[in-house]
Amino acid sequence: MDALVYLIDDDSSVRDSLTLLIESAGLSVISFESAENFLNNYNLECPSCLLLDVNMPCMNGLDLQEELIKRSVFIPIIFMSGRARISQSAKAFRAGALDFLEKPFDYEILMSRITEALQKKIEYRKRLNLCIQLGNHFYYLTKREREVLALISEGSSNKEAANILGISNRTVEAHRARIMKKLKVERFVDLVKLTHFNLLCD
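Numbering of the sequence shown is given in this note's numbering, commencing with residue 1 and proceeding in unit increments.
Simulated from the structure, these hints should not be mistaken for lab results. All of these numbers come straight from a predicted model, not from anything done at the bench.
Below 30 Å or equal to it, Euclidean Cα-Cα: the simulated DSSO-like pairs (lysine-lysine) are:
no.: 1; residue 1: Lys103; residue 2: Lys121
no.: 2; residue 1: Lys184; residue 2: Lys121
no.: 3; residue 1: Lys143; residue 2: Lys184
no.: 4; residue 1: Lys182; residue 2: Lys143
no.: 5; residue 1: Lys126; residue 2: Lys181
no.: 6; residue 1: Lys70; residue 2: Lys120
no.: 7; residue 1: Lys181; residue 2: Lys159
no.: 8; residue 1: Lys143; residue 2: Lys159
With beta-carbon atoms standing in for the labels, derived distance ranges:
no.: 9; residue 1: Asp63; residue 2: Asn43; range: 16 to 24 Å
no.: 10; residue 1: Asp16; residue 2: Asp106; range: 16 to 24 Å
no.: 11; residue 1: Val73; residue 2: Glu173; range: 39 to 47 Å
no.: 12; residue 1: Gly26; residue 2: Lys70; range: 32 to 40 Å
no.: 13; residue 1: Met111; residue 2: Arg146; range: 45 to 53 Å
no.: 14; residue 1: Asp63; residue 2: Ser24; range: 27 to 35 Å
no.: 15; residue 1: Ser112; residue 2: Gly166; range: 55 to 63 Å
Ideal Cβ placement from N, Cα and C applies to all residues, glycine included.
Let's have the full structure, built from the sequences with the hints guiding it.
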């Protein structure tokens with residue numbers, strides 16, 4: 001599915017000009033006149049980013065950013081404003097905004113930020129899918145295999161793990177072999193990396 005740029009601005013002339021500008025770069029754009037309309041219609045199934053005006057009636061851009069965080073919706077946000085205060089930009093960045101551009105802004109800078117935002121979303125989706133895949137693999141480990149994995153991934157040798165768990169060194173080796181098979185890795189170093197990555201997914 002193609003990448004998508006969501007554009008929210010209460011000024012129709014701004015929406016029209018930016019839509020033409022972004023579409024000229026080969027990207028799809030869906031524009032909204034309010035944050036409320038966006039919340040009722042967004043679809044994050046494809047890689048997307050949000051080009052968001054700060055100062056709008058009712059729900060402003062910062063309010064929308066806060067609402068998306070509450071909903072656990074990850075979408076890279078590029079704020080834009082013609083009369084922003086320093087406190088607004090600071091709040092936006094603290095909440096994870098990718099950039100804060102002042103109108104009128106340079107076309108090349110805008111497109112560069114949009115490209116960066118879409119790449120972040122693509123990377124996030126890949127990471128999320130990998131976390132799901134890893135979670136499925138780790139699900140099939142037995143309690144003992146998880147205990148062995150935790151010890152050896154923290155640096156314990158087979159012998160040390162055996163002593164801690166009260167089992168034989170050969171049993172630890174057998175568990176380790178089954179763990180590597182279930183997690184579909186061939187090298188011990190990859191097993192450790194995979195385990196640490198899975199912890200980041202939790």
